[in-house]
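Got chain A sorted already, so can you dock chain B onto it with the hints?
Number of protein chains: 2
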Amino acid sequence: MSVLKIVFIGAGNIASNLSEVFKKKLSAEIHIFSRTENSAKQLAEKLNVSFSNDFNKIPDEADIYFLSVSDNALNEIVNNQLLKKKINNKLVVHSAGAIDIEILKPLSANYGVFYPLQTFSKFKSLDFKFIPICIEANSGFNYNTLSKYAFQLSDDVRKISSEQRKYIHLAAVFANNFVNHMFTISENILKEKEIDFKILFPLIQETIENLKNSSPKLLQTGPAVRNDMNVISEHLKMLGANENLIKIYTLISQDIKETKDE
Amino acid sequence: MSVLKIVFIGAGNIASNLSEVFKKKLSAEIHIFSRTENSAKQLAEKLNVSFSNDFNKIPDEADIYFLSVSDNALNEIVNNQLLKKKINNKLVVHSAGAIDIEILKPLSANYGVFYPLQTFSKFKSLDFKFIPICIEANSGFNYNTLSKYAFQLSDDVRKISSEQRKYIHLAAVFANNFVNHMFTISENILKEKEIDFKILFPLIQETIENLKNSSPKLLQTGPAVRNDMNVISEHLKMLGANENLIKIYTLISQDIKETKDE
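Going line by line, the protein sequences match chains A and B. According to our numbering, the first sequence holds residues 80 to 341 in order. According to our numbering, the second sequence holds residues 80 to 341 in order.
Quick caveat, the hints were computed from the structure, so don't treat them as lab data. Treat the hints with care, since some could be wrong.
Note that the list lumps identical chains together, so a pair holds whenever it fits in one copy or between two copies.
Unchecked claim - Pairs of lysine to aspartate or glutamate, EDC-like flavour, derived with a Cα cap of 20 Å:
#1 Lys169 - Asp179
#2 Lys245 - Glu181
#3 Lys326 - Glu337
#4 Lys277 - Asp235
#5 Lys272 - Asp206
#6 Lys296 - Asp307
#7 Lys203 - Glu124
#8 Lys296 - Glu341
#9 Lys291 - Glu273
#10 Lys120 - Asp133
#11 Lys203 - Glu288
#12 Lys316 - Asp150
#13 Lys201 - Glu285
#14 Lys272 - Glu288
#15 Lys104 - Asp206
#16 Lys339 - Glu322
#17 Lys291 - Asp234
#18 Lys104 - Glu124
#19 Lys245 - Asp307
#20 Lys339 - Asp307
#21 Lys238 - Glu271
#22 Lys102 - Asp142
#23 Lys245 - Asp133
#24 Lys163 - Asp133
#25 Lys103 - Glu337
#26 Lys272 - Asp179
#27 Lys201 - Glu288
#28 Lys272 - Glu341
#29 Lys238 - Asp275
Isolated chain A, as found in the complex (with noise of 0.2 Å):
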């Protein structure tokens, strides 16, 4: 069986995690290509492998070729004249949640979408075991093609339109990043009484371990959904002067409210 070599254009945190994996568990053959000469560079002196930001080094025989950029980046990447007769048709992917798989048409007359569903940070290596794979391609050959390669990574892959994608992204941006956001507010908050955040964390682990047996909607307590007057007025006014934070919380309080009994 000859070697799977894969280029990946963009070294960040995307990239970072799924060309380590890919040479990890598929003995892949990696070549890392970033404008950023330097993320390239460490990217590539982890994984022990081949990097240059000079786009004219792409070798033309790969058998994939990984967009793993920001999404502003991959607009102006599928315009490069060289990278489209360096692909010559071959296999081209992204791994974008919000974009859709057709901005790669331009590019071959192969392409498709490898999204792990999963936040990555280029200094942690995670076991993609667990993470889905939404995958999409143009043609059901190279769907094959990917799920099989997929499938070698991890446990749940699935076959996700565009369209779906756009909407687990927007999912994902609230399960993620805005509850992220909810634990810097609370970290703040306790900050200013010299409390250590760690104290939330028995809680906040039964919010997430309560989600395996009920629907979130149904798990709902405390003052907004028992339409506790007293207790909201009084946390808006220790909110103060942080216009943002009484917004957020009455704005959340009353959509916890309006919604419960839909």
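Just chain B, lined up with the frame of chain A:
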């Protein structure tokens, strides 16, 4: 050693968990009183203890009187002359996050707060070992009594003032109620596209896992923190006619942006 005798006024989520763990871990003799007879009955039958909805039957020789009722009910109960007579200056405590210790002053010369920082359900019995128990009392003697019992339930017992507890409770509203509402919104977004909310579980688990090693503020990713206006405006379009969600998305995104460099 004589048996610890505890009267619970209230039979809701907290009373249910507290009474059960006091019975189990301290072999306490429990008496359940609730104006909602059915709740009192259910809890008493689960614990195999006595119950009543008649405050005349409250024993006057208990060691501790636990007021585990809603914040509104607490206000009323404090002015109950019969209860005051029964307590007869013995130790009375409440278990509410948002309520000042001094609310109990009219009821007894000995009072305190016993606040387990957790989200409870009467349908689920929790292990208290890692639940922070926040203790406050009107005297050193009463503080020692309460913390002695607390340490028999949990490894994490803390001296927390009413002022601190109020802010812990506010922080908990963000970290539990509001986080849970973000999950509800996520679930609704996915449901419309017939995607199982469970696809987000590995992401949610990792979001929490990352808190162990870093401040949530430093962990923020996503369109808001990188000010990706294309994705943000696309998301706002996808939220369609739901004005509450558009406001919530906009406000939290704005707060993420405005606070990222603080």
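Cross-check of the supplied hints:
1. Lys169 - Asp179: For Lys169 and Asp179, only the intra-copy Cα distance (19 Å) is at most 20 Å; the inter-copy one is 68 Å.
2. Lys245 - Glu181: within (13 Å within a copy, 52 Å between copies)
3. Lys326 - Glu337: Both: 16 Å inside a copy, 14 Å across copies.
4. Lys277 - Asp235: Answer is between; shortest inter-copy Cα gap is 11 Å, intra-copy 32 Å.
5. Lys272 - Asp206: neither (38 Å within a copy, 28 Å between copies)
6. Lys296 - Asp307: within (18 Å within a copy, 30 Å between copies)
7. Lys203 - Glu124: Cα proximity of Lys203 and Glu124: one copy only (15 Å, versus 50 Å across).
8. Lys296 - Glu341: Cα proximity of Lys296 and Glu341: one copy only (10 Å, versus 33 Å across).
9. Lys291 - Glu273: between (33 Å within a copy, 18 Å between copies)
10. Lys120 - Asp133: within (12 Å within a copy, 75 Å between copies)
11. Lys203 - Glu288: between (24 Å within a copy, 12 Å between copies)
12. Lys316 - Asp150: So Lys316 and Asp150 pass the 20 Å test across copies only (17 Å; inside, 40 Å).
13. Lys201 - Glu285: Classified as between: cross-chain Cα gap 14 Å, same-chain 28 Å, threshold 20 Å.
14. Lys272 - Glu288: Neither. Shortest intra-copy (28 Å) and inter-copy (25 Å) distances fail the 20 Å Cα cut-off.
15. Lys104 - Asp206: within (10 Å within a copy, 39 Å between copies)
16. Lys339 - Glu322: Classified as between; 16 Å across copies, 26 Å inside a copy.
17. Lys291 - Asp234: within (19 Å within a copy, 26 Å between copies)
18. Lys104 - Glu124: within (18 Å within a copy, 55 Å between copies)
19. Lys245 - Asp307: between (37 Å within a copy, 15 Å between copies)
20. Lys339 - Asp307: within (14 Å within a copy, 32 Å between copies)
21. Lys238 - Glu271: between (47 Å within a copy, 17 Å between copies)
22. Lys102 - Asp142: Answer is within: at 14 Å inside a copy they meet the 20 Å cutoff, but 65 Å across does not.
23. Lys245 - Asp133: Neither: 32 Å inside a chain and 57 Å across chains, both beyond 20 Å.
24. Lys163 - Asp133: within (15 Å within a copy, 82 Å between copies)
25. Lys103 - Glu337: neither (49 Å within a copy, 40 Å between copies)
26. Lys272 - Asp179: between (46 Å within a copy, 16 Å between copies)
27. Lys201 - Glu288: Classified as between; 16 Å across copies, 27 Å inside a copy.
28. Lys272 - Glu341: between (38 Å within a copy, 18 Å between copies)
29. Lys238 - Asp275: Result: close only across copies, 13 Å inter versus 43 Å intra.
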